[in-house]
Amino acid sequence: MHRNAFSYAGWAQSLILLFAILLAHKVTWPLIHTALPAFPLIIAMYYWALFRDHYGYVWAVAIGALLQDVILGLPLGTSAVAILSAHVILLWVRRRILMDHFVIIWIGFLPVILWCFLLMAIVGSWAGGTQTGPWLGSVLDDMVGTWLLFPLAYRLFHWFTRRRKKGNA
Numbered sequence: 031m032h033r034n035a036f037s038y039a040g041w042a043q044s045l046i047l048l049f050a051i052l053l054a055h056k057v058t059w060p061l062i063h064t065a066l067p068a069f070p071l072i073i074a075m076y077y078w079a080l081f082r083d084h085y086g087y088v089w090a091v092a093i094g095a096l097l098q099d100v101i102l103g104l105p106l107g108t109s110a111v112a113i114l115s116a117h118v119i120l121l122w123v124r125r126r127i128l129m130d131h132f133v134i135i136w137i138g139f140l141p142v143i144l145w146c147f148l149l150m151a152i153v154g155s156w157a158g159g160t161q162t163g164p165w166l167g168s169v170l171d172d173m174v175g176t177w178l179l180f181p182l183a184y185r186l187f188h189w190f191t192r193r194r195k196k197g198n199a
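Under the working numbering, read the sequence shown as residues 31 to 199, first letter to last.
Among the hints, a few may not be true.
Stated by the list, open to error - Computed Cβ-Cβ distance ranges for the label pairs, DEER-style:
#1 ARG192 <-> ARG126: 19 to 27 Å
#2 TRP89 <-> HIS188: 35 to 43 Å
#3 LEU148 <-> TRP189: 28 to 36 Å
#4 ILE93 <-> ILE119: 14 to 22 Å
#5 ARG192 <-> GLY103: 15 to 23 Å
#6 VAL100 <-> TRP156: 24 to 32 Å
#7 LEU128 <-> LEU106: 28 to 36 Å
#8 GLY107 <-> HIS131: 30 to 38 Å
#9 PRO181 <-> LEU106: 19 to 27 Å
#10 ILE101 <-> ILE134: 32 to 40 Å
#11 ASP171 <-> TRP136: 12 to 20 Å
Calculated directly from the structure, the hints in this document are not laboratory data. Keep in mind that this is a model prediction, so the values were computed, not measured. Built from N, CA and C at the ideal position, the CB exists for glycine as well.
Construct the entire structure; sequences and hints are all you get.
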């Protein structure tokens, strides 16, 4: 492993944990309804699973997801199970997604967030003793908002990765 891989992995893990802490509240965007706090964790998991799966950031995603559960009052482990199960599925289909252009990568993100958001919503409602129906529309709004913000986050991660490579070369 390249000696700078450890510094990159440390940056990636720190960024994921920072996002989990900073986005503990819903963020309202103009023209886009909302993005759930899981947005940075899901985006980071998706990006690094596709392009940097050898940096060992999975434990940071798990800790960030557990922290998110505590902050949001979800049953402990709900976000971690949702996001890490999506990670496993994503690694299985990784080659297929990477063969195509950005549009395919963006479309491939849709089932990942659908799985994560719906699993977190259903488990959260069961644990809280509430029905899923009344607020399922809000969860779907969050999912669409997160999906629409993906290109921005993708460019940010891609820019930082290229910048780090130039600085370490």
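Hints versus structure:
1. For the hinted restraint 19 to 27 Å between ARG192 and ARG126, the CB-CB distance of approximately 24 Å keeps it satisfied.
2. Between TRP89 and HIS188 the C-beta distance comes to about 23 Å, which lies outside the given range of 35 to 43 Å.
3. In this structure the hint that LEU148 and TRP189 lie 28 to 36 Å apart at CB holds, the actual value being about 31 Å.
4. Evaluation of the 14 to 22 Å hint for ILE93 and ILE119 yields a pass: the beta carbon distance comes to about 21 Å.
5. At about 38 Å, the CB distance of ARG192 to GLY103 disagrees with the hint of 15 to 23 Å.
6. At about 18 Å, the beta-carbon gap between VAL100 and TRP156 misses the expected band of 24 to 32 Å.
7. As the Cβ distance of LEU128 to LEU106 is approximately 34 Å, the hint placing it in 28 to 36 Å holds.
8. Here the CB-CB span from GLY107 to HIS131 is close to 36 Å, well matched to the stated 30 to 38 Å.
9. A hinted range of 19 to 27 Å for the beta carbons of PRO181 and LEU106 is inconsistent with their spacing of about 32 Å.
10. The given range of 32 to 40 Å is respected by ILE101 and ILE134, whose C-beta atoms sit roughly 34 Å from each other.
11. Between ASP171 and TRP136, the C-beta spacing of about 19 Å keeps the proposed range 12 to 20 Å intact.
Of the numbered hints given earlier, the model fails hints 2, 5, 6, 9; all others are met.
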